[in-house]
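Asks: Chain residues, written in single-letter form:
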Amino acid sequence: MNAAESMAAQSTSTPEARPRSGVRVNVQQASFAHVTRRQSAPVFTLEATSFQARERELVAILGPNASGKSTLLRLIAGSIPPLSGRVELDGFETSRLETRTRAQRIAMVQQESPLVFPVRAGDYVLQGRHPHGRSLWFESEEDYAIAANALAQVGAEHLRDRWMHEISGGEKQRIVLARALAQQPLLLLLDEPTLHLDIGAQVELLARLRRLAEENRYTVIIVTHELSLAAEFADQVVLLHRGKCLRVGTPAEVYQRELLEQVFEAPLDIESGPEGRPRVIIQGRRELRSNLSSGSSSG
Amino acid sequence: MRPLTLRRMLWTCGLLCVTLLAVVVLALRLGAVPFPLADLGQNILLLITGHPEKVSTDFRLIMVDIRLPRILLGILVGAALSVAGASFQALLRNPLADPYVLGVSSGSALGVILALLLAPAIPLMTPLGAFLGAVATIAAVYLMGRREGHLDSGTLLLAGIVSASFLSAVIMFLMTTLASRDLRGIAFWLMGDLSTTLPTSLLWTLLIGFILAAGAIFTTASDLNLLLAGEREAMHLGVEVTRVKLVVYISASLLTALAVSVSGAIGYVGLLVPHVMRLLFGSDYRLLIPTSAIGGAIAVVLADTLARTIVAPTELPVGAMTAMVGAPMFIYLLRRRLA
Amino acid sequence: MMESKLRRRGIFFLALSFAVFLASPLARAARQSSSQGTLPGGSALREVTDETGRKVSIPLEIRRIVSLAPNVTETLFALGLGDRVVGDTNFCDYPPEAKNRPHVGGPIDPSIEQIAALHPDLVVATRAINRLPTVRSLEQVGIPVYATDPRSVEQMLASTEGLSRLLGADAAGQALVSSMRRRLAEVQTRLAGVPPTSVFFVVWDSPTVSTGNDTFIADALKYAGARSIIDSSLDWPTVSMEEVVRQQPEYVIFYSATPAEKESEVAELRHRRVWSDLEALRQGRVVVLSEAIARPAPSLVDAIEDLAHTLRPERFGARSLSSAGGH
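Protein chains in written order, with the working numbering: chain A, 1 to 299; chain B, 1001 to 1339; chain C, 2001 to 2327.
Quick caveat, the hints were computed from the structure, so don't treat them as lab data. It is possible that part of the hints are untrue.
Which chain B residues face chain C? A few, computed with CB under 10 Å, are given here [what the hints assert, rightly or not]:
#1 E1148
#2 D1193
#3 L1316
#4 P1317
It should be emphasised that the depicted structure is a prediction, and the values quoted were computed from it without experimental measurement. Where is the CB? At the ideal position from N, CA and C, for every residue including glycine.
Based on the provided sequences and hints, a complete structural model is requested.
Replies: Okay, here's the thing in structure tokens:
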């Protein structure tokens, strides 16, 4: 059963506040290691990890630097095969898919390589239609419409004729997202999308992603180390620490103070916010207890 | 942002072809031996309508035997070098790349020298030696430029530059220490020279080689557009990066080898023509490949016509003309980008 | 999907047919012209072997000749065949009549078209100056090329005689060559018993290039009673001035198309580093010859005589230097 058919089947189900559709992304005990020639034992970048994601869900892969987040994302994207376990999208192993087929279903948004030649934003977004075309092919009217729609969805129609090297970082980020949307994928992956954005832009992006997940029935998976954003916007959080998956669950389930303090090595406090979502408070002036097993904090 | 359609592509190429035709007529008209336009027209008409025996001997000798093959050679060489240059600029993700950046011309030159040393009497030894030298260099640089089993642009560029320098040093050494007087011609060849009349069979080989190699590159044109935005991004957009890079590397190197083996290392064409075409018609490789080909043909035929008329009857090597015009043009383009 | 496939095929066939369309009438023309041959007059041919060992088919009657080197031009005129020379290079300036002939360009980069337009029966080239690709290009359009390759004085004489026989000027050739032999023998006689003068022959001063052992210049020096201090198997080696100074040659020899101007250049060289350590230069033991010394042609004998006179005036009586220096 291909992606289109599964999507069609799901659309006829009874609508609920959050329809519990079938599992789209299935990560089962997936691990990865870099094999270097010099060492006999491989260095595990990611140990066996499992979680599942459905359509219209926004999952945050959370952790500090070098925790294996990007590796997990690449496993999901299918760019690298798992050393053990499986990573499946609608039942198909992502790393076994043909590059073109994969690009029709999975869109990746990551730190962009510098552009060699000037290109207009509109043409850049149009590149997202490439997986759906053939070689020696010219874009059709439909392709142009889809690209225009993608630009509209990120609120960047006015940037269509501007050169990519002339627009701001935040605007560029939106164009890159538009290109991913133009791919009309099932799965939208983003690697640290908020890195160079100010807080307003960060919130705007996450809100947009949430909305897009709802409207276009995407599964959105983002890699981030932004605790507050993940807490506020994610449906599911996968917490990684030094290559190990420590916990998977809703933000409320994952955000435990001792756990987060250990992972992020910063003094924190967790409060409960509206809709049951946790609020993270940084306790800068308090010393971080080196011995965390001792229990409660002092004033 | 104007959409690229088949119609626009055909119009643009058609326009350029008409320009090429005009340049060809100009090139036929001009030369050390003057030829009135009326005579030219009359004789061409006779040829096309199938009356070759009525054509004047002088016309046949000068136009058909000497000038026309030279012009055709210029067209092929110019087209090959420009397509190769545009391809390398995409492959190496570097706007300064030209067909010789990977050492193909130095390898060719060495091949020519060895051929002249070992078997100067065999006809066509020079193009053959040049071609073999080029192929050997392509293979060597490929092996050096690999990283974890696939072509890495940065490593490839370095390997190419190093090879080019090394081979140039070897060539310098040979030229200085060897007594052979046949080597004097190599200085001319190194500059790029279209004056050697070649047998028609060689021209046909060139044409077929060009169609195959340039055709192969053209089929990857939309992939190249994406490759320029970044290799990882291209992969996530469905481009078979490894395969595309290999096809482009081999085809572009082959085009360079073909051009260099018959005309020496004509400079600046492969570097500048793609840039000019980008300025005029945009960076989409589906249009850039054919426009570069025709643009390169125009450039070389013009340069060669200048080279053989500017100080007639002495002939300058065409590479000297392309350098004289190309260098200032390059500086202008550079400033424009920085402005 | 169907549409784009159709488009793809369409483009491909369009391109292919365009290429074929362009190529066919030209191919037809090319085939026609090469089969008919472009040798004008269609005169009978004979096969000869030129001095580089190439087999060339040339017409029996050679009335129009194009020369591609100054020494060839000079030889042809000296053989009395000047009126058969219908074209030569920009550099052919001796004898003065040669300057009036239509020029076909330089020896290294002549215009094939121009040569063809002169309808020569034969083109004469020389290996030392002309390029093999030029020769091949001419043959490709049906113009035969005969190449000379004189590498010594004796070979120059033989080459002159060979050319005279080739072109049906046997009598003139024999007369010229025997006269040259007589003059050379005369010089030898006068120099009998005299040890050779050590000389440094300057082909170019920066970089410093001299002659090797195997060139006609080295040979000519020997005939003139001189010995080049440079021992090299290369034809025109770049030499180290320190080595030259170490050997302290008795004379330094220059040559130039305009000997008078060269004198002032030589005066400047006296002050250049390392050159200033040459005794010969300091004491004015310098000879400036005409370009004849650099051309393997009949006037080489004049240059040999001039040099011999200058180096050993006591052996040659009252004969003055200026009598032969007419270039």
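Asks: Work down the list of hints and note, for each, if the structure agrees.
Replies: Going through the hints against the structure:
Evaluation of the E1148(B) hint against chain C yields a violated restraint, the C-beta minimum of about 34 Å exceeding 10 Å. Interface hint status for D1193(B): upheld, as the beta-carbon distance to the closest one in chain C is roughly 8 Å, under 10 Å. Hint status for L1316(B) relative to chain C: holds, with the closest Cβ pair at about 7 Å, below 10 Å. For P1317(B), the interface hint holds, the least distance from its beta-carbon to any beta-carbon of chain C being 7 Å, beneath 10 Å.
Violated hint: 1 only; the structure is consistent with all others.
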